[in-house]
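Residue-level listing of the chains:
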Amino acid sequence: MDQPLLELRNVSREFKVGGGLGLFSRRIIKAVDAVSFSMPSKPWITALIGESGSGKTTIARMILGLLPPTSGEILYRGRKVSEWIKKNKMEYYREVQPIFQDPYSIYNPFYRVDRVLEVTIKKFKLASNRKEARDLIIKAMEDIGLRPEDLLGRYPHQLSGGERQRFMLTRILLIKPRLIVADEPISMIDVSLRAIFLDHLLSFKEKHGISCLYISHDLHTASYLADNIVILCYGRIVEEGPKNQVIEDPLHPYTKLLISSIPVPDPKRRWTDKIDLTLIESLKKFRVEKGCVFSARCPYVMEKCLSQTPQLKNISPETKIACHLYHSEK
Amino acid sequence: MLMEPILEVDNLRVYYRSVWGDYKSVDGVSFKAYRNEVLSIAGESGCGKSTLVEGILRLVKPPGYIPTGKVIFEGIDILRVPEEELRRIRWSKLAYVPQGAMNSLNPVIKVEEQMVDAIIDHGGMDKEKAKEVALLMLKEVGLPIEVADMYPHQLSGGMKQRVIIATAIALKPSLVIADEPTTALDVVVQRGILQLLRMLKENYRMTVIMVSHDMAAHAQVADRIAIMYAGKIVEVGSISQVFEDPLHPYTKGLISAIPAIGKKYVKGIPGLAPSPLNWPSGCRFHPRCQHAIELCVKVEPPMREVERERFVACHLYG
Chain A
153 MDQPLLELRN
163 VSREFKVGGG
173 LGLFSRRIIK
183 AVDAVSFSMP
193 SKPWITALIG
203 ESGSGKTTIA
213 RMILGLLPPT
223 SGEILYRGRK
233 VSEWIKKNKM
243 EYYREVQPIF
253 QDPYSIYNPF
263 YRVDRVLEVT
273 IKKFKLASNR
283 KEARDLIIKA
293 MEDIGLRPED
303 LLGRYPHQLS
313 GGERQRFMLT
323 RILLIKPRLI
333 VADEPISMID
343 VSLRAIFLDH
353 LLSFKEKHGI
363 SCLYISHDLH
373 TASYLADNIV
383 ILCYGRIVEE
393 GPKNQVIEDP
403 LHPYTKLLIS
413 SIPVPDPKRR
423 WTDKIDLTLI
433 ESLKKFRVEK
443 GCVFSARCPY
453 VMEKCLSQTP
463 QLKNISPETK
473 IACHLYHSEK
Chain B
9 MLMEPILEVD
19 NLRVYYRSVW
29 GDYKSVDGVS
39 FKAYRNEVLS
49 IAGESGCGKS
59 TLVEGILRLV
69 KPPGYIPTGK
79 VIFEGIDILR
89 VPEEELRRIR
99 WSKLAYVPQG
109 AMNSLNPVIK
119 VEEQMVDAII
129 DHGGMDKEKA
139 KEVALLMLKE
149 VGLPIEVADM
159 YPHQLSGGMK
169 QRVIIATAIA
179 LKPSLVIADE
189 PTTALDVVVQ
199 RGILQLLRML
209 KENYRMTVIM
219 VSHDMAAHAQ
229 VADRIAIMYA
239 GKIVEVGSIS
249 QVFEDPLHPY
259 TKGLISAIPA
269 IGKKYVKGIP
279 GLAPSPLNWP
289 SGCRFHPRCQ
299 HAIELCVKVE
309 PPMREVERER
319 FVACHLYG
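Taken in sequence, the protein lines are chains A and B.
Every letter in the first sequence is one number past the one before it in the working numbering, and letter 10, counting from 1, is 162.
Every letter in the second sequence is one number past the one before it in the working numbering, and letter 298, counting from 1, is 306.
Derived by calculation from the structure, the hints in this document are not laboratory data.
These figures come from a predicted structure and were not determined experimentally.
Positions of the beta carbon are idealized from the N, C-alpha and C atoms, including for glycine.
Certain hints may be false.
[Unchecked claim] Residues from chain B that face chain A, not an exhaustive set, calculated with beta carbons under 7 Å:
1) V196
2) A224
3) I247
Sequences and hints are given; from them, build the entire structure.
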């Protein structure tokens with residue numbers, strides 16, 4: 153196998169919480185607990201799926217070098233991210249770019265929107281003169297389906313939400329990174345505009361060879377976009393596999409619960425069984441010390457699940473599961 | 009089955025005054041909700057759904073005002089009844105779960121105390137009885153009894169939302185209006201909340217009006233659905249009619265834009281939602297409608313009943 157584009161090896165991140173009086177009342181939360189996965193070097197979209205508090209944003213921040221892992225390694229093209237950033241930050245961000253949740257926050261309201269793109273071109277030295285820069289901007293905007301004559305020279309508040317987010321995509325297209333880390337990129341976009349955004353991510357992959365780590369709580373969009381899906385539950389990976397397998401034949405009880413909870417937009421295909429309301433959430437906010445992270449909510453919980461943490465193991469070449477139901481210990 | 013209306017809204021308008029003119033957020037809405045049904049109100053953000061609910065509950069605050077309209081709930085003229093009587097009706101008969109309600113819990117008071125206060129305040133029970141009801145309601149919404157003794161910050165968003173619903177239904181109101189009750193919740197919790205709303209109808213024989221942008225959620229729980237666009241209702245029908253055979257071009261767009269697992273392509277509705285400051289002339293959807301003809305630009309289509317209890321406001325069905 154060739155070198156992965158991105159690889160996480162046993163990555164953990166702990167946060168200290170509480171405190172108040174004295175150090176002893178402090179607790180340590182494992183936001184991310186021994187997470188390992190990788191993305192291939194070919195153009196690829198991995199969806200990292202998790203509910204709120206599953207640690208998905210922490211993973212994004214670590215990959216972007218905004219937060220160091222407590223333990224474990226994150227490698228980009230075989231080199232540690234921390235090294236890339238220490239040696240040549242711009243080189244790393246030339247290749248790995250974020251798309252943020254909030255399309256409004258990257259604009260300075262006092263500057264024309266053009267500035268976002270001009271600064272990008274300057275920083276990454278994408279053009280040698282103004283004329284070349286202008287041409288690049290216009291080309292990129294047209295590729296995204298924006299009309300330069302309508303938008304350039306305007307201020308952020310004069311653009312609609314959809315236009316602002318597509319302007320962000322223009323920025324990506326100028327930089328042409330190898331990897332986009334997109335953390336809930338569409339949660340602030342109106343439903344009718346989401347499809348357009350997702351299609352751009354797909355065409356980035358197909359036309360420009362840009363891979364994407366798509367981080368979301370939403371399996372719908374993941375199923376539309378991704379090549380493979382990684383399911384995160386309370387900081388640990390519980391299932392990983394090709395898109396179709398995870399969506400159509402989920403194995404881990406948590407993944408099963410997630411998928412069966414997605415409302416089908418068809419009044420003739422309503423939920424027939426009633427979900428046990430006492431199992432939809434757990435009062436345990438903090439990570440379990442030992443045992444399976446899902447044990448408090450799992451309908452199939454066994455004694456072993458409370459004492460032994462199930463490890464993520466292959467059950468077929470492409471599918472990995474962390475569940476005692478699928479691993480018989482010898 | 010004879011359907012008895014519990015809520016009748018007639019030509020309701022809610023405007024907001026501004027220096028640029030009036031924002032006509034809700035601009036002539038009429039519909040009925042029947043006893044013991046789940047009625048959904050759907051539409052994109054900015055179409056006026058939440059403002060409509062505030063209008064119905066007479067919760068519009070200046071600079072907002074209600075230029076015209078009538079809201080009749082169980083025979084009571086909500087917009088004209090004295091404030092004191094309205095206060096008695098709210099919670100006890102007409103419960104409201106506002107958008108982001110889970111953030112409205114008082115952070116320094118324990119869950120049980122907040123529930124008990126609301127129940128005593130609106131239900132005239134003594135403390136013992138109120139406490140009993142509060143604990144029973146927590147159990148009804150599937151929360152462990154420990155929750156009663158906890159502070160809101162110790163709970164997740166979904167748990168807080170269930171506390172709100174438990175409180176809202178404690179006095180057995182006949183109508184519950186929930187505004188975006190599943191937004192910002194995880195998918196499993198969403199399913200729990202939707203099931204809970206359905207349970208209010210089935211187990212308690214309540215009427216539920218659910219306002220949401222999430223069409224798939226509506227498909228799972230609603231009996232009937234009203235589609236809102238640009239401050240108006242453009243289509244009403246049973247949930248199966250509207251999903252199987254949407255009439256209004258906007259409804260068609262909305263339904264084809266629902267993402268679904270296994271669906272090949274999710275198509276958005278081209279164009280942008282118009283501004284409440286300056287709605288388009290004629291049919292408000294005409295700038296985005298591929299079937300628009302000259303008539304649509306000039307004349308606003310009236311709401312027509314194309315078959316029994318099936319309404320659409322579109323010149324295509326004139």
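Status of each hint after checking the structure:
Against a cut-off of 7 Å between C-beta atoms, the interface hint on V196 of chain B holds, since the closest Cβ of chain A lies about 5 Å away. Annotation: A224 of chain B was flagged as interfacial toward chain A, and the flag holds, the nearest CB pair being 4 Å apart, inside 7 Å. Here the hint on I247 of chain B is kept, as its CB sits about 4 Å from the closest CB of chain A, short of 7 Å.
Hint violations for this structure: none, all hints satisfied.
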